[in-house]
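Chains Y and B supply the protein sequences, listed in that same order.
Note that the first sequence covers residues 1 to 307 in my numbering.
Note that the second sequence covers residues 1 to 1199 in my numbering.
Rather than coming from a laboratory, the hints here were simulated on the basis of the structure.
Do not rely on the hints blindly, as some may be mistaken.
[Unchecked claim] Simulated DEER-style distance windows between Cβ atoms:
(1) Y/D206 to B/Q952: 24 to 30 Å
(2) B/R827 to Y/V186: 30 to 36 Å
(3) Y/T197 to B/I256: 40 to 46 Å
(4) Y/S181 to B/L667: 40 to 46 Å
(5) Y/R217 to B/L91: 35 to 41 Å
(6) B/E879 to Y/D206: 24 to 30 Å
(7) B/N734 to Y/D206: 42 to 48 Å
Only a predicted model underlies this, so the values are computations on that prediction, with no experimental measurement involved.
A virtual CB, placed ideally from N, CA and C, is assigned to each residue, including glycine.
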Amino acid sequence: MADAAATAGAGGSGTRSGSKQSTNPADNYHLARRRTLQVVVSSLLTEAGFESAEKASVETLTEMLQSYISEIGRSAKSYCEHTARTQPTLSDIVVTLVEMGFNVDTLPAYAKRSQRMVITAPPVTNQPVTPKALTAGQNRPHPPHIPSHFPEFPDPHTYIKTPTYREPVSDYQVLREKAASQRRDVERALTRFMAKTGETQSLFKDDVSTFPLIAARPFTIPYLTALLPSELEMQQMEETDSSEQDEQTDTENLALHISMEDSGAEKENTSVLQQNPSLSGSRNGEENIIDNPYLRPVKKPKIRRKK
Amino acid sequence: MPLTGVEPARMNRKKGDKGFESPRPYKLTHQVVCINNINFQRKSVVGFVELTVFPTVANLNRIKLNSKQCRIYRVRINDLEAAFIYNDPTLEVCHSESKQRNLNYFSNAYAAAVSAVDPDAGNGELCIKVPSELWKHVDELKVLKIHINFSLDQPKGGLHFVVPSVEGSMAERGAHVFSCGYQNSTRFWFPCVDSYSELCTWKLEFTVDAAMVAVSNGDLVETVYTHDMRKKTFHYMLTIPTAASNISLAIGPFEILVDPYMHEVTHFCLPQLLPLLKHTTSYLHEVFEFYEEILTCRYPYSCFKTVFIDEAYVEVAAYASMSIFSTNLLHSAMIIDETPLTRRCLAQSLAQQFFGCFISRMSWSDEWVLKGISGYIYGLWMKKTFGVNEYRHWIKEELDRIVAYELKTGGVLLHPIFGGGKEKDNPASHLHFSIKHPHTLSWEYYTMFQCKAHLVMRLIENRISMEFMLQVFNKLLSLASTASSQKFQSHMWSQMLVSTSGFLKSISNVSGKDIQPLIKQWVDQSGVVKFYGSFAFNRKRNVLELEIKQDYTSPGTQKYVGPLKVTVQELDGSFNHTLQIEENSLKHDIPCHSKSRRNKKKKIPLMNGEEVDMDLSAMDADSPLLWIRIDPDMSVLRKVEFEQADFMWQYQLRYERDVVAQQESILALEKFPTPASRLALTDILEQEQCFYRVRMSACFCLAKIANSMVSTWTGPPAMKSLFTRMFCCKSCPNIVKTNNFMSFQSYFLQKTMPVAMALLRDVHNLCPKEVLTFILDLIKYNDNRKNKFSDNYYRAEMIDALANSVTPAVSVNNEVRTLDNLNPDVRLILEEITRFLNMEKLLPSYRHTITVSCLRAIRVLQKNGHVPSDPALFKSYAEYGHFVDIRIAALEAVVDYTKVDRSYEELQWLLNMIQNDPVPYVRHKILNMLTKNPPFTKNMESPLCNEALVDQLWKLMNSGTSHDWRLRCGAVDLYFTLFGLSRPSCLPLPELGLVLNLKEKKAVLNPTIIPEAVAGNQEAANNPSSHPQLVGFQNPFSSSQDEEEIDMDTVHDSQAFISHHLNMLERPSTPGLSKYRPASSRSALIPQHSTGCDSTPTTKPQWSLELARKGTGKEQSPLEMGMHPVASAPLSVFTKESTASKHSDHHHHHHHEHKKKKKKHKHKHKHKHKHDSKEKDKEPFTFSSPASGRSIRSPSLSD
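Work out the full structure, taking the sequences as your base and the hints as a guide.
Shown next as structure tokens:
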């Protein structure tokens, strides 16, 4: 209960960072504030003529007071924000009080009453330090065309572009090295995983883990896996078909490539291999007129079936 | 063993010129084959055949047909039930009771058994009796229609079912069936006249599941649903007369592809493979065009079909108008290495369509003509497609193969002539099998036979020119096609058969040249020529003194007399000289054209007209000779060993433009490990114009030279800088470029160089660390992402390279191989192999080339002692269900393990697989590999060699492989390799209690059948008495075996001979006769037949049976008498082998007589006596022989 009050008590100050369950500075702060409120309640009670009060009733009254003040703060903030400001003005408070059904006019008289008690200011406790999240550089001041009441710019890191120019790895050797070791690592990890999760064979009787071989498993139709290109290869084939072996990474290859074309080596084979796509294209057109006994429809059995 | 069967065949040959005379008393004109039910689940086939037959003799009462495996339910002739007898002596060649284990005996018996059913001799397994009601009909030579209902259950040969065990209907599972076999094997799946010389027209009907396609010969006339619409019937008509042996069938859920260029050509493949089929067959039309153009003849059939099936028997099988291929020939556009191989297979099968299918052979001895022509025109296609270099390289390769084989085995005879009057001697006595019949031929011999045939065709071409050659082919084809269109004149059809004499006659008609000497040398005679050449330059006379010697005494060689071309490259040019090789002239003087003048700077003209600059500083100042070549055109089947100086070989390598010469010089340079050789080879390697295969072999030669020069070698390891320069990045020489295989020459070189480099060894005989790192880097940096082609072959070769780098482990006290003492280099290698092998499971490569290489590499590591030797891994990969290439590689490793570790268990495992594996090719291959890498050989002591193994193998070839000719011959080869021709040395000597046996035999001879139990008892009774002695007997023999090898053989021979005689007594039916054995034991006799049998002429065999029995009965006493002297001096046969061979001649006679006639028992006795007296004469000699000490302890003592 006390906790809940303590949390709520933070409302009046206009800072909304109090919901933190931090132990030391914030707690102290809340406790101090509450103590002040209690003193206020007590003095009011004294003013009203009470000799003594039960702790519970003082607490209750403190709670009510706190709620009231919090509500004033909350409401005032709303009014202030409604007019696109961040700091409440007096009129905000007035409107709030009016809204809450408080007769504002009575306030100056009440403030000047004779029997009022003056309470000593509460001991100054440090406002809890909100941990600075990221203070990256100075907040920018408003440019002249922005009114000063407008909110400040947020921390620069949220909007400032800081291009980080790390030199890209362009060294061919390193690239190749990296690609090779990456692939190797992936392959090893993958095969090890497969080996770990499935049956294995081993080259050494006493050791099954150093060189684990995935167990040979016969296929029902072995020729399919052996003959059909894998999906990867198919994909690759399509890719290379479209972009005819461009060697940007390795200029030497390109040179070689050209020289090979010049030599016209095995041109017969390559030309046939390359011809292929066009071939299948032309075939499709003709297919309709092909008369081949295997394409003819199957006949219905004759009624008179020959023996 | 002369047989009745051979006689008519021989007559054919003599009359060959005048045309074909059928060995059969009838002419087959038409045959219907109808298979109306095929059950894939049970692997069975039900159907009938109907043969339309015209008798050619009046008294035709029995018709013999071929049929194996088939169960025959009913035979009707013109709708009348006909009795028939079914007997196949090849099922069990030697009878099980026989204790014979001698290969000589087996081969003779096997040849006899095959001849006994040989359709070319008018024989057959199925003998049908013409019902007496039809005799009159027959006398008028009127047509007979023979209707045979048959079924086939779980066929072991002939038809092969492939039924994957997955869910779904048979079509969904990709189940299929196809016909297969070696030579004429059609009898395995339907009754027919299974001869290449009996042509007829065909009607073929196959009813199959509606989801399946039946592909067969001829035109598909129509496809009709059955009434329930669940099946359909394919009706085929083949109007071109065709031999039954060229009939084939393939049924399966095939995908159909009509050839886009030739709509009458249809391709079939198994489900899912259509894209591959499209690519693979896209080239076929060019082959068609080529053949049609050179033969100036259209493809003879109206359609052509290619079927690609799994578990193929052979890669390519050609049948009339259709070819059956292995599905493993299919490939995608990304595959480089398989493409030329597959195209070669396609071209080969198409060549055989013309010669082999359309034109068939008259008899087995004419086979060489067909194989020769088809091989020859295939060679022309090669020349056109792959270029002259590839062609010449291929010819050289083939020549080397045939030469090596003939020198090893003693000769390949293309045109064997049998049984001529005095030609008692077998034309192929050096072989362990008979060449009288294709089915007795070793597979290796047959492949070599084909190889020689096409080489001889090439020789004929050299003689008469290609133009005439093609004219001859055209003539043969046009004759045949005229004949084939004579639908109703079946006598004309024999024009479609080719015979040796007909072919030769055509040649002489067309070319007007006499090629008889050539034919005599290469066709009628076996053997190759072996030349040794050396020379000296006579400066005074300016003459090259060439000496050419021949070795014609070693087995497999023959003497060459005739012209021989010699090419001499001099400074002034290249000059051809034709020398006459004569009987006694060894030296030949060849005048030189150029004076030696080396200071003049002038270009040197080469043979092809090119003029080149040469650095002549290396050559001999006095001699103008650059290099000399003997028989550069390979116009003799020869091996040349020529001596010339190393610099001459180097010039030859650098400047001779013929790839064969380059190849030869590379081979020769191996013997000259000098810096100059190194330079020449390196230059060749770098030369892009040079033929890639030459460059590839230069790699290996360079590795060898580097190893010989190891102590003086300077610079980086051989080829390393070269490879770096050619294939690595300029900026970082340790990294290979990303793969780009657009240039195939570079690709092949890139593949080969590391493999050769891995063979390099340093002074410690280890592979240099630098090389290993280099190869590992190649693997590491291999990047194929941008390549148009697959790199699977490349990666596989990298693993081969790793395997090549392995050297034997240094082992301390034979410690057990464990991980801890693993060599760090080997650890790296193993790491790679493990990764590759595992990746294959996830991303399999084409044809699993990488797995294959990994398995080989693991075996290498095992063999070198780095990894514990263990066959378990290989055995798991050898199981059915793996891709066939993997299985073969794994089996090869197991075979090797069996040899190295002498493991009986693994040998048994292999033998078990030979008997039970579902794939015929694998079974064949295991036998083949065991023969090539045998666990032991005949002169070797091995714990594996024991009686049980002998029995097992004997059983395998005797009866276990009767369904597959090729397999049986493979088993014979293995038996020969392991035990030799004579009785295996590990067996106890056969029944030495000769007399005792004989007496017992006598007691049991008279009853018609010896009960098995009694026979067994006899043995049991014999053994105790004879065995103790045998033990004492045997040991000295085996110890002295090496020195007295020939003698041992003789002993075995004679023992074989003796026990053979005993067997004859025991059971009159020798293998040749066995078809006349009583039906009870092995012939399928149909009830209705048994009654009619006795009264009809079919009883003839039974008579002869009786006669034989009588004969043997009478023989008893003389034989017994004869045996006593033998017993007293049994080892007299140690003297000479000739006696033994004569003996076998004698008993061949006996066979013959038994079979033919009842006469001349006495003749036999005479022989016997002669034989005895001979032995007596030689007795003193025997005693002086080293074995005489033992000979005293003759078997007679056991009596």
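Evaluation of the provided hints:
1. Y/D206 to B/Q952: 24 to 30 Å: violated, 35 Å
2. B/R827 to Y/V186: 30 to 36 Å: Violated, since B/R827 and Y/V186 (Cβ atoms, about 21 Å apart) do not stay within the stated range.
3. Y/T197 to B/I256: 40 to 46 Å: holds, 42 Å
4. Y/S181 to B/L667: 40 to 46 Å: Between Y/S181 and B/L667, where Cβ atoms are some 43 Å apart, the hint holds.
5. Y/R217 to B/L91: 35 to 41 Å: 38 Å Cβ-Cβ, so the 35 to 41 Å window holds.
6. B/E879 to Y/D206: 24 to 30 Å: holds, 25 Å
7. B/N734 to Y/D206: 42 to 48 Å: violated, 36 Å
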